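2 protein chains.
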Amino acid sequence: MNYGIAIFPSKPIQDQANALRKRYDPHYSWIPPHITLKEKFEADDNKLNELISELKTIANATEPFTINIDKVRSFAPITNTIYFKVEPIQVLLDLQEKMNTGKFKDTNKHPFVPHITIAQDLLDDEYSDVYGRLEMEEFHLEDQVDRFQLLYQLDNGSWTVYETFVFGKE
Amino acid sequence: MNYGIAIFPSKPIQDQANALRKRYDPHYSWIPPHITLKEKFEADDNKLNELISELKTIANATEPFTINIDKVRSFAPITNTIYFKVEPIQVLLDLQEKMNTGKFKDTNKHPFVPHITIAQDLLDDEYSDVYGRLEMEEFHLEDQVDRFQLLYQLDNGSWTVYETFVFGKE
Numbered sequence: 009m010n011y012g013i014a015i016f017p018s019k020p021i022q023d024q025a026n027a028l029r030k031r032y033d034p035h036y037s038w039i040p041p042h043i044t045l046k047e048k049f050e051a052d053d054n055k056l057n058e059l060i061s062e063l064k065t066i067a068n069a070t071e072p073f074t075i076n077i078d079k080v081r082s083f084a085p086i087t088n089t090i091y092f093k094v095e096p097i098q099v100l101l102d103l104q105e106k107m108n109t110g111k112f113k114d115t116n117k118h119p120f121v122p123h124i125t126i127a128q129d130l131l132d133d134e135y136s137d138v139y140g141r142l143e144m145e146e147f148h149l150e151d152q153v154d155r156f157q158l159l160y161q162l163d164n165g166s167w168t169v170y171e172t173f174v175f176g177k178e
Numbered sequence: 009m010n011y012g013i014a015i016f017p018s019k020p021i022q023d024q025a026n027a028l029r030k031r032y033d034p035h036y037s038w039i040p041p042h043i044t045l046k047e048k049f050e051a052d053d054n055k056l057n058e059l060i061s062e063l064k065t066i067a068n069a070t071e072p073f074t075i076n077i078d079k080v081r082s083f084a085p086i087t088n089t090i091y092f093k094v095e096p097i098q099v100l101l102d103l104q105e106k107m108n109t110g111k112f113k114d115t116n117k118h119p120f121v122p123h124i125t126i127a128q129d130l131l132d133d134e135y136s137d138v139y140g141r142l143e144m145e146e147f148h149l150e151d152q153v154d155r156f157q158l159l160y161q162l163d164n165g166s167w168t169v170y171e172t173f174v175f176g177k178e
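Protein sequence lines, in the order shown, are assigned to chains A and B. Residues 9 to 178 (the numbering used here) are what the first sequence spells out, left to right. Residues 9 to 178 (the numbering used here) are what the second sequence spells out, left to right.
None of these hints come from the bench; they were simulated from the model. Every value quoted in this text rests on a predicted model; they were computed, and no experiment measured them. One thing to keep in mind: the hints can contain errors.
Given that identical chains are not distinguished, each listed pair holds provided it fits within a single copy or across any two copies.
As the list claims (entries may be wrong) - Pairs of lysine-lysine, DSSO-like flavour, derived with a Cα cap of 30 Å:
| id | residue 1 | residue 2 |
| --- | --- | --- |
| 1 | K113 | K48 |
| 2 | K106 | K64 |
| 3 | K111 | K19 |
| 4 | K106 | K19 |
| 5 | K55 | K19 |
| 6 | K79 | K64 |
| 7 | K48 | K111 |
| 8 | K30 | K111 |
| 9 | K48 | K19 |
| 10 | K111 | K55 |
| 11 | K106 | K55 |
| 12 | K64 | K111 |
| 13 | K117 | K19 |
| 14 | K93 | K64 |
| 15 | K64 | K30 |
| 16 | K30 | K19 |
| 17 | K79 | K55 |
| 18 | K106 | K93 |
Let the sequences and hints guide you as you build the complete structure.
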């Protein structure tokens, strides 16, 4: 089965991201707006149990932290994905690092750039248009993060949450 | 904020339900296939924390159980919703009851009939057609349930998982 690990920002940020995703992101209905911590990976039940135990240890050792978002950026020319750029604070980088070393296979396809995708798979003209408009916008979003989620993928491409890991518990 | 409580069956059952939901359920993209334990309710942050503590107590006191599904039924003539009927075993009824008494406001609009919706809001002709076909099918699905999920609703109508409660933990 395919698994992934993500942070869901709080409702106001999800709503704001969805207002754009609805029009510009074909994955809109597959998963709520999120910050990917660990990209898709395969695991059987035994391996999964081992990883869940490790994820609990990681969550227990993590303190809630604040994220800041104040610009829209793009992964062009690699892909034309447009995203809310999440300030890459050390605690977030450390958290992601822990899920891609040791018992975890490194599933990163790219260096970790914390982000919330708001548009992808656009045609070139639409991409230029949307990005040209959004990259100029001034805004500031702030959010408290106190948990991450382990998800698995269904046959239709969508994701279901398997377990929530709250920071500093137990 | 609006919250709800649900069980996600395991992937094979979700995939099977989605194969039908994709065509027949306009809520298909709002939430994965699920058994609703507690219908939509409102709570502020204080109330939510109180309820989460209660949900932990409930989960701790619940042992994993097996559910069985072997027929498709409909809520007609009340609504034309078509669903996988989940055998109403006592442990499931008890679990649902605990979330609708005491600290929890009873949010049931109808008596509790455990089910996984596969079709809703169909036109009469399509409903008759789909239900006529599905109610004749013979099948047997069995699943282990060891957790439930607390979700909140976004502005677009979709649901995000807030926290998972695993049975018999802590």
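Evaluated hints:
1. K113 - K48: within (11 Å within a copy, 39 Å between copies)
2. K106 - K64: both (12 Å within a copy, 27 Å between copies)
3. K111 - K19: between (32 Å within a copy, 24 Å between copies)
4. K106 - K19: both (26 Å within a copy, 27 Å between copies)
5. K55 - K19: between (32 Å within a copy, 17 Å between copies)
6. K79 - K64: neither (32 Å within a copy, 38 Å between copies)
7. K48 - K111: within (15 Å within a copy, 39 Å between copies)
8. K30 - K111: Neither: 37 Å inside a copy, 37 Å across copies.
9. K48 - K19: both (24 Å within a copy, 16 Å between copies)
10. K111 - K55: within (9 Å within a copy, 38 Å between copies)
11. K106 - K55: within (16 Å within a copy, 34 Å between copies)
12. K64 - K111: Both. Shortest intra-copy (13 Å) and inter-copy (29 Å) distances satisfy the 30 Å Cα cut-off.
13. K117 - K19: Cα proximity of K117 and K19: in one copy and across copies (28 Å, 26 Å).
14. K93 - K64: Classified as within; 27 Å inside a copy, 35 Å across copies.
15. K64 - K30: Neither. Shortest intra-copy (33 Å) and inter-copy (35 Å) distances fail the 30 Å Cα cut-off.
16. K30 - K19: both (16 Å within a copy, 26 Å between copies)
17. K79 - K55: Neither way: K79 and K55 sit 38 Å apart in one copy and 34 Å across, limit 30 Å.
18. K106 - K93: Intra 21 Å, inter 42 Å, cutoff 30 Å: intra-copy only.
Violated hints for the displayed structure, listed by number in ascending order: 6, 8, 15, 17.
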